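Chains A, Z and R: place on chain D using the hints.
Number of protein chains: 4
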Amino acid sequence: MSVKKNFYSDNVSGAAPEILEAIVAANAGDTAPYGGDAWSERLQQRFAELFETEVEVYPVGTGTVANGLCAAVLTAPYGSIYVSEAAHVHGSECGGPEFWSGGNARTVPLPTMDGKVAAADLARAVEEAGARSADVPPRAISLTQATEVSTVYTPVEVKDLAEAAHARRLWVHMDGARFANAVARLGCTPAEASWKAGVDVLSFGATKNGALAAEAVVFFNRTLAETIRYRRRRGGHLFSKMRFLSAQLEAFITDDLWLRNARHANAMAQRVREGLTRIPGVRFWSPTEVNFVLVALPQAVWDGLVAEGYSFSRRGAPSEGVIRIACAFDTRPEDVDALLATAHRYASPQMRADRPVPAAR
Amino acid sequence: MSVKKNFYSDNVSGAAPEILEAIVAANAGDTAPYGGDAWSERLQQRFAELFETEVEVYPVGTGTVANGLCAAVLTAPYGSIYVSEAAHVHGSECGGPEFWSGGNARTVPLPTMDGKVAAADLARAVEEAGARSADVPPRAISLTQATEVSTVYTPVEVKDLAEAAHARRLWVHMDGARFANAVARLGCTPAEASWKAGVDVLSFGATKNGALAAEAVVFFNRTLAETIRYRRRRGGHLFSKMRFLSAQLEAFITDDLWLRNARHANAMAQRVREGLTRIPGVRFWSPTEVNFVLVALPQAVWDGLVAEGYSFSRRGAPSEGVIRIACAFDTRPEDVDALLATAHRYASPQMRADRPVPAAR
Amino acid sequence: MSVKKNFYSDNVSGAAPEILEAIVAANAGDTAPYGGDAWSERLQQRFAELFETEVEVYPVGTGTVANGLCAAVLTAPYGSIYVSEAAHVHGSECGGPEFWSGGNARTVPLPTMDGKVAAADLARAVEEAGARSADVPPRAISLTQATEVSTVYTPVEVKDLAEAAHARRLWVHMDGARFANAVARLGCTPAEASWKAGVDVLSFGATKNGALAAEAVVFFNRTLAETIRYRRRRGGHLFSKMRFLSAQLEAFITDDLWLRNARHANAMAQRVREGLTRIPGVRFWSPTEVNFVLVALPQAVWDGLVAEGYSFSRRGAPSEGVIRIACAFDTRPEDVDALLATAHRYASPQMRADRPVPAAR
Amino acid sequence: MSVKKNFYSDNVSGAAPEILEAIVAANAGDTAPYGGDAWSERLQQRFAELFETEVEVYPVGTGTVANGLCAAVLTAPYGSIYVSEAAHVHGSECGGPEFWSGGNARTVPLPTMDGKVAAADLARAVEEAGARSADVPPRAISLTQATEVSTVYTPVEVKDLAEAAHARRLWVHMDGARFANAVARLGCTPAEASWKAGVDVLSFGATKNGALAAEAVVFFNRTLAETIRYRRRRGGHLFSKMRFLSAQLEAFITDDLWLRNARHANAMAQRVREGLTRIPGVRFWSPTEVNFVLVALPQAVWDGLVAEGYSFSRRGAPSEGVIRIACAFDTRPEDVDALLATAHRYASPQMRADRPVPAAR
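Residue numbers (our numbering), protein chains in the order written: chain D, 1382 to 1742; chain A, 1382 to 1742; chain Z, 1382 to 1742; chain R, 1382 to 1742.
Bound-form chain D, shown alone (with noise of 0.2 Å):
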């Protein structure tokens, strides 16, 4: 396999075997459709030894529908939910959650430090709506675990906030897109990182770290998933073979694979913050505790990655020149360690003096 040069996001890559052989595997023989088959039946008990308790799981098909699904289900009959600002579900889905709750739901974005949103801030916020006796009223918040920035509310941060969130009487919503890889990160137990910590609802994300096309919309909060079905099949979230959207799930879960995938994911964007950090002129923009860095780069070494022909999402306003290198279960240290000496050749002015730019580009 060619080095990988596509740090665009960790949606580049492809699916990981044991997920295509999950989906193989259950190819053979005819179920009952929608949801009647032995993978999706199976998939409530694995999902409750998963998360030590008793939980109600949907598969849907992608994160959009699982944060807007949530978002109407937690501010029925109408409401506002509390965001970070930079959440995807509020910036980058289309306004998903206005869509999904039929305009019943806003998204309110709170100031963050570190992508994360304080206890503090939210409790203050709720007494501010309090005020306003004709605003949209707050029914819930929404954490992004990991966050947009690649950092990971601890335990202990979550609790804070659900406990400010359930003394007000909000619920509390986890956007786990990139839940395996905050788990991974924290070396915490799920169920530590979500219900115990006071998450009712969890947007569980298999996506981005191996899967085709899977999440779940896992409830610890059982009463909340009255309505969840009628929701997303009148949405199309109701495959019809929805066996492949299961067995995804399930071989994702098997052997901890979700874990391991995280694990080695977060170790590269580790190994490339590590190599970047020797680069004088290097800014980081945050943290990196999960599996993507976002830096700010020489524009020297910008300008050398392009031309090498690697790629990378913005962040921010543009003239802030961050950038974000995402990592998956699929990097290897061995393309990291080609982007990293990519960027240390272009930093280093003798080195680019001694060898003649490639004409070809």
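Hints are computed from structural coordinates only; laboratory data are not their basis. A couple of the hints might just be wrong.
When chains are identical, the list treats them as one kind, so a pair holds in a single copy or across two.
Using 25 Å as the maximum straight-line C-alpha spacing, the simulated SDA-like pairs for lysine to any residue come out as follows [as the list claims (entries may be wrong)]:
#1 K1386 with T1434
#2 K1386 with A1419
#3 K1386 with G1417
#4 K1386 with A1512
#5 K1577 with D1636
#6 K1540 with H1645
#7 K1386 with A1722
#8 K1540 with E1430
#9 K1577 with R1549
#10 K1386 with R1423
#11 K1577 with L1431
#12 K1386 with A1409
#13 K1386 with G1410
#14 K1386 with E1422
#15 K1386 with V1405
#16 K1577 with A1681
#17 K1577 with V1384
Owing to the predicted nature of the structure, the values given are computational and were not obtained by experimental measurement.
Chains A, Z and R in isolation, oriented as in the chain D frame:
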């Protein structure tokens, strides 16, 4: 492989081997996410060739979303869609059109003959609606092709309806969840069955006919596609690893796989029908033009089949006793023959009492 | 005052003098806005007395919003409402239920006899819907009282329907845009016509019967009212100077104004009907139980009335030639007599040819 | 009339006598319902004259629906609207834009100076939004005129904002709940304050300034009005006796009543401000350019006013202690003087010492 006893739906089958192979093949290497991959980009051209005209193609995960997106687009800013009384989009998608349109779309059933709406009935309905100035204004008609009762609109019938619709400023949608089966039956080109007959936008089905989970919204009238990109994204059907949907659709239309699968399924349904014809007391509910048979069986036959582990879905009011026997791309002649033999056995008192089941089955 | 020639609708009239006086009287002094005024606070008690039970009352500006709010509340989180084929909420409010519910409500028409739905048809519809697991689930029935064809449900008929509904876990809404006319006709108490017969929530109409612009949503089942306050506000029907709506409603139910107005309008419609009965060729479309007459007139009569400046609204398909002759609280006997005299004149060829129009008109 | 002590809102007043007279005058005779009356038809021409250009005018009952309809129209098929942080449409209408648009509209707050958005901030926000391809796309800006903090955009400021908006393909909405107060303050023509400065559509307020319940949506860009008729009807703001709304609006703009009322209210607020200026410890929150004063009073003054029965609304976080003193068209100089005298009395230690505070407090 054991004999197939699950005739509940064409969705009880898994994916066709060619589809699975395409998924596995698409797994290699990194790609741009969200449809920026080579498979997705190629798809536009492949569908243009298939339909012999420029089109815009949008892969989605389920038929419900394909129909919902079309309903939202066609009724904007708001309006009603004429459908058949039995239309899947009306009665089997949990109110998908209302949901996808944010409350702007209403489905209005028209009477049918053999599952098909007639142009004269459409014309009359529009005229009457015109007299109700405060009713939801009609904006479109949605034809299910093949219909929910196993019949097929001929191109001439579609053309008549489309002309009646267009003359009254209504758009024409075709819910082609079984478009393949219809084209296979008609023996015409995909173009003749769709845009040449006046269809503006098509929900092109693949899942019921061998895909794992993939449908496509195909715009022949490309001005209608303007908002689809955003609507699909907020609805959670812009898959990050879109290549896996596009690869399925590409394999589906390559080397006529879609038509080969459909022809086979149609033939199996004919085999079922012919076999049942010879059982006294069997009443067919509608013609069998595509891949399933709607039929009321004598009680003894029904009881026997259920006792032997066969499953079917019911249709119409429970008192009518009508079932649907659905064949799929992977239904084998021997599966049908086993079904028929069982039916015949229970239909004939002497056979049940005296004779062992023939070994050949 | 000149003779009334406008029988198009009971809405062509202005407001009753008692209503205008109440508005003028309410103008003095400052009040808390948004319903914190004395009129609005008093209204709860006044309606409780009128209906002989505790209620929650929410004034709104139009019947469409009263019905829309009820539809949104009764179908939440989503579902369908059975209505009559002719129901105003279904065909004359531009899709209000879909709008007010954010796409969660669908109206499903049932067959009617004399404009009324029968309990047996409701029961059958619910049963059939139960067999369609992916259809929009039924949640309520909405009865128009008086109906769109000038008939009235008896309390026994309402009770039968309500029992059929409640036994199937459906709510019962009454669209009482002409509730006053119905109660006047029935000679029963408002309680007997509503909650004692099983009605959960009532759109209590006033505008068609003498108010300037005021309707009320009256919750007998007060647990249903939980979200109405917010829904009304975002929908723009929490009027800042709410006292002017409440004052209208208070005057409307004071000293039986609502019933006196309704009785009068009903009597005027009877007078119209009796007068028309004597014209050969006149066909009545339905019984005349409240304040309007549905009738097909001989062409000469119709032409003559139009030529003389009379106006009516049409009903049904244009080919049927049915018109509605609507009487209001302010229709005078001499207005009716002038209408009848004109009709008779044009009905009789000799009269038209030979005799001058009688001076008495 | 007793002295006015209710300065909570300009909505605590009743209707101006000219408005009530117009309502009473409009009551005579029958008219076509639903806006087919002479008052409503005349309104188009009257507003065209007022604004010196062709317009389309749609009367509605409240400001929330005027703004909601505009939001729905301007964001279709979906998108975001920039507003000020304090915008009524954002924080005081229970999510009206989301509701009226069926989940298609989002309000996005921009920073303000003295309640006003600056063109440079708008430009920057649009630029940043352009970098977020999966965010809700910006479609419009909504300016509140006069603002929520008693300031006024000059025509030049509006023009700058409108040019910045139009250059980026955004529409310009003006929430003119207090448009009259703004025009009165500016001394310009209504045209100069609206379409000549680039406004596409205006929520023209009347209720806060003397109407009973009437606002108008005024389209200068008439192509935007295409869907308003249906949207208004399904939203329950096509009043059947529309003449009563139109008559209010006609009286409002006849003989400059709207400007006379607004000038008076503005002057009363100036009188309040000037009187308070002389009290030590009084902090004004913003300039007082229209009919209300935002101010933090010394605790003793606040306590005294409350004890004497005065009422005001609070603004901002409770800890700030800011109140709004709102004057209306019917606030008399003696009302203001009594308020000021009371404030001064409680502000002066000697006075308080001389006279014992009544025990009841």
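(message) Flag every earlier hint the structure violates by its number, smallest first.
(response) Checked against the structure, the hints that fail are numbers 1, 6, 16, 17, while the rest are satisfied.
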